[in-house]
Amino acid sequence: MGHPAILTVDDDPSVSRAIARDLRRRYGEHYRIIRASSADDALEALRDLKLRGGRVAVLLADYRMPQMNGIEFLEQAMDLFPHARRALLTAYADTDAAIQAINVVDVDHYLLKPWDPPEEKLYPVIDALIDAWQATGDREVEDIRVVGHRWSEPSYQIRDFLARNLVPYRWLGADDPEGRRLLDAAGVGPEAIPLVVKADGRALAQPSPSELAEAAGLATAPDRDFYDLIIVGGGPAGLGAAVYGASEGLKTLLIERRAVGGQAGQSSRIENYLGFPDGISGAQLTDRARRQAGKFDAEVLTTREVTGLRPDGSARTLTFADGGEVSAHAVVLATGVAYRPLVADGVAELTGSGVFYGSAATEGPSCAGSDVYIIGGANSAGQAALFFSRYARSVTLLVRGDSLEASMSYYLIQQLNKIDNIRVRTRCEVVGARGDGRLEAITICDSKNGLTTTVECGYLFVFIGAEPRTDWLGDAVARDGKGFVRTGPDLLRDGGRPPGWDRDRDPFYLECSVPGIFAAGDVRASSVKRVASAVGEGAMAVTLVHRYLEAQ
11 MGHPAILTVD DDPSVSRAIA RDLRRRYGEH YRIIRASSAD DALEALRDLK LRGGRVAVLL
71 ADYRMPQMNG IEFLEQAMDL FPHARRALLT AYADTDAAIQ AINVVDVDHY LLKPWDPPEE
131 KLYPVIDALI DAWQATGDRE VEDIRVVGHR WSEPSYQIRD FLARNLVPYR WLGADDPEGR
191 RLLDAAGVGP EAIPLVVKAD GRALAQPSPS ELAEAAGLAT APDRDFYDLI IVGGGPAGLG
251 AAVYGASEGL KTLLIERRAV GGQAGQSSRI ENYLGFPDGI SGAQLTDRAR RQAGKFDAEV
311 LTTREVTGLR PDGSARTLTF ADGGEVSAHA VVLATGVAYR PLVADGVAEL TGSGVFYGSA
371 ATEGPSCAGS DVYIIGGANS AGQAALFFSR YARSVTLLVR GDSLEASMSY YLIQQLNKID
431 NIRVRTRCEV VGARGDGRLE AITICDSKNG LTTTVECGYL FVFIGAEPRT DWLGDAVARD
491 GKGFVRTGPD LLRDGGRPPG WDRDRDPFYL ECSVPGIFAA GDVRASSVKR VASAVGEGAM
551 AVTLVHRYLE AQ
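Each number in my numbering comes from the position in the sequence shown (counting from 1) with 10 added on.
Incorrect hints may appear among the rest.
[Unchecked claim] Capping the alpha-carbon separation at 25 Å, the derived lysine to any residue pairs in SDA-like fashion look like this:
#	residue 1	residue 2
1	K305	G318
2	K539	S419
3	K305	D22
4	K123	Y37
5	K261	G318
Keep in mind the hints are simulated off the structure, nothing from the lab.
Just so we're clear, the structure is a prediction, and the values are computed from it rather than from any experiment.
The whole structure should be built from the sequences, with the hints applied where relevant.
This is how it looks when you write it as structure tokens:
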């Protein structure tokens, strides 16, 4: 197919000709400029490109078009070319629609008509969109195929890993004809399941997380041995620190054990994050933050587990599970929290086979016509209930407390109350689960009357409590009784500084009991468990890192 394409669609012939002319003038040597006069024609052109193996770098769509407006077109176009950068063409009166598109459809930019002169108002925007598209490497990862069993935990773990890292893939059941053909072509049997087949045809039987990450084109090894700043954890706090650290000139490395985005990245919709009045999905927010960090040359590693941290002279050294090490002038701990395991008969055996921790968005379409139960009363549970209500026959929130008001945001409670197939049961706990190879029923104890009942259940999603991922720290830094990292004023006791403190100053606000090590976000003791506060603490930590480095 040759050059990648830039597609523009506008039903106004004069505007359509003008933008195609300007695009060809600047980009025609290296990009195919495709012009369509309607959304239907544009989608047909995209389908043809997809079948022919073509690539699309940028999509430009007019907002006001008959039958299908620009936002609706971009929503459908994203299904065909998810890596293409997207911009909306609008008149001045439609800027509200443009902002809606940025928030709802994850549009990258909007262009006001007219855009004369293009050297000032058009080309800089298109250049930025092309740079962003090229930064992704345009990985043809949609050709990654996964062969597995629907109710197998290892198969689920692979699907979940790819989805959370925003890697497109094709799922094939081991009993499907095409799944069997892939197994035969790879020369393996059922014992190799789950099988991952790369775009180049190489097959990986039961791949490890690091093998899977490499197959998906994700970085797993650091480029250097020493950095200015290392961030452990890729949730909102870690991403915030990476963006601010790298943008301010620090050689920055972010290390994530599983998937960038953390728990926030699994959220189907975050509606109270500043600047997104229509809400934004956790995946979209994560993708934007990761691209933003990459724009400033922050390095991001996945599937690397950190198992130790120690002062090493003026450096701070981290040890990986495989024995490797990497050092930096300063470290930010942003490992967040993990959902607490549900202790009930049969749950452990069915985890990944109907019992899931977090929203597990990959399971949404599979829940069609099923009865879904969600354990938890905080925002993450409420957002999951809204998401699964679009697919399931019924969604039941099981809350241990007397009401949702103590743990869930008011706006979420109001939304839940308006949806007919969502109900809330308070003072309830799951005490058992059963099923033959997959979850079939759960047993619920109602503490209001002490009665237990067993109900049919195909899917159970668990959002209970929050445990910090800090066991690996050992005695490296001070933690509270629950494992959360103490920082700043929390380290001072009776006016005294923490044991072993060797500086002639008190610890900075987010600084741990060892100078040069900071904590941000949910892992920090006394932190506010909100996405916005985590991002803010990540940014604040970088400011304090600068103060620390200046005093060295």
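Cross-check of the supplied hints:
Straight-line distance between C-alpha atoms of K305 and G318 comes to about 29 Å, which puts the hinted pair past the 25 Å bound. For the hint linking K539 to S419, the alpha-carbon distance of about 12 Å falls within 25 Å, and the restraint holds. Restraint check for K305 and D22: not satisfied, since their Cα atoms lie roughly 35 Å apart, outside the 25 Å limit. For the suggested pair K123 and Y37, the alpha carbons sit about 20 Å apart, so the restraint of at most 25 Å is met.
With a CA separation close to 21 Å, the supplied pair K261 and G318 stays within the 25 Å bound.
Figure legend: structure checked against the earlier numbered hints; hints not met, in rising order: 1 and 3.
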